[in-house]
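Colleague: Go ahead and model the full structure; you've got the sequences and the hints to work with.
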Amino acid sequence: MNAIEVRELRKSYDGVEALRGISFAIGAGEVFGLLGPNGAGKTTTVEILEGYRQPDAGEVGVLGRDPREAGAGWRERIGVVPQSAELFPNLTVKEHLELFAGYYAEPRASAEILALIGLEEKAAARGRTLSGGQRRRLDLGIALVGDPELLFLDEPTTGFDPGARRAAWETIRSLRSLGKTILLTTHYIEEAQRLSDRVAVLRQGEIVASGTPSELTAAAPASRISFRRNGEEVVIETEEPTRVLHELTEEAMRAGVELEALEVHRPTLEEVYLSLTDEADE
Amino acid sequence: MRLLLHQFRSEQKQFWRSRELAFFTFLLPVVFFLILASAYGDEDIEGEDGYLYLLAGMIGYGAAATAFAGLALLLVNRREAGLLKRLRATPLPGTTYIVAVLGSIVFVFFLQAVALIVLARLAFDVALPDEQLSLVLALALGAAAFAALGIGLTAFIRSAEGSSAVVNAIYLPLAFISGSFFSADAFPQVLRAIAEVLPLVHFIRLVRDVMVFSEGIWEHPTDVAIIAAWGVAGAVVALRGFRWEPRER
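Going down the list, the protein sequences come from chains A and B. Residue numbering for the first sequence follows our numbering, beginning at 77 and increasing consecutively. Residue numbering for the second sequence follows our numbering, beginning at 39 and increasing consecutively.
Treat each hint with caution, since some may be false.
Claimed, not checked - Here are the simulated DSSO-like cross-link-like pairs (lysine-lysine), alpha carbons at most 27 Å apart as the crow flies:
# : chain 1 : residue 1 : chain 2 : residue 2
1 : A       : Lys198    : A       : Lys170
2 : A       : Lys170    : B       : Lys51
3 : B       : Lys51     : A       : Lys198
Since the hints were made in silico from the structure, they are not lab data. Quick caveat, the model's predicted, so the values are computed rather than measured.
Modeller: Structure below.
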């Protein structure tokens, strides 16, 4: 059974359509990346799935339940990292974990969570004294303390420096290997590509592309072969890079010349993403 | 029940660690009492013993500062910080949470009332009250009513920044016209008429009658009814208007 099923989901705020009938499904144990620019509808989608918002139309099933009707038993099974929420300023890191652990029937030990999020040394630090990255890691710890099977991560690394982001990715990967289902929203292409089994690109409330990261790049525009001839850059766009490259090199070999600065460039997810989301501005 | 205690303990820990809350809601009424009682406690006020008059006034001010203002500020700040919303994603039932937060602030108010009474006894030789049951009932009634009003008030506060301005603008004038700090006898008729409609003057009167004249609260049904009515009104607004999610975002 799918962990999440969404069909024809619609939501408007004051007459503005935030979601225009999106559909997707997330299998159990899958990491699903919802990628899109700010204002595309990512948080609206996630908040409907978490039960905070009522959709205008469409069907939503999360762990087999309608989030608006689901009760405490259902919330035992989910974990939420909100996009923006503060911490209790006067509780320490460890006390946060212990407070939230108390809400669940079978919580994980706070020492275990501290190790997982790498905050052992900050266990006795109060919420108000933590840095941005440390707060975000504690957000993740709070979401994990109930040992959920489904995890919502709403822009979990926004504002991180590159080192902290990589560390967070490692943590999220380790969660995937524990078999957790994860819905990740992000506007970082690299993050979606590295962490997700499947990605959906959201633009102005619509899913404009979806598939595995490699499927998305495969469906993309042609590969590009570039080199320099007589000091001039030559660029060839082609759907058949193997054949074109073979012809080029054969010709150069016969002529006894070197193809200077020869490069074969496959489109990255970033280029695909930009080509998909650029249309929005036109 | 286990969950309630779990949350209550955390609330207590957070309250005493928060300098703002601990000072403005718990300590300030105690400090005011010491200052005012030293200044004019030895005179009669409205024909009553000055110390007792001020003691009842400060217990009333404490109820407004703690159960009303303190609770409203605490809840608005947590709501706007996204903390209440975050709690909604956990299995913790909303009512358990509210009862624990409310219980914690009412507990603080009781500690404060006891501290004031003990202090009055030690520093100014004020007799301990004999109608203890009535006193506890009066304090419980006042605390419950002001707490309900405090939760109801959160529905009208839209931001964390503006919250203390709104709350202070309500409870400080209320304490003044209700005679918390000195006799309101010299105040214009209009202000006194307004005070008569509001709950604090009745709460202070109830506490004073119980403590000074050793009367039972059942001898003052009008005061009890007005306080209770305000409490019910607060509870109705709270039930209809309380929000878990930030208003600003």
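Colleague: Each hint needs a verdict: does it hold in this structure or not?
Modeller: Here's how the hints hold up against the structure:
For the hint linking A:Lys198 to A:Lys170, the alpha-carbon distance of about 8 Å falls within 27 Å, and the restraint holds. In summary, the hint linking A:Lys170 to B:Lys51 is supported, as the alpha carbons are separated by about 14 Å, within the 27 Å threshold. Restraint check for B:Lys51 and A:Lys198: the C-alpha separation of about 19 Å stays at or below 27 Å, so the hint holds.
Violated hints: none; the structure is consistent with every hint.
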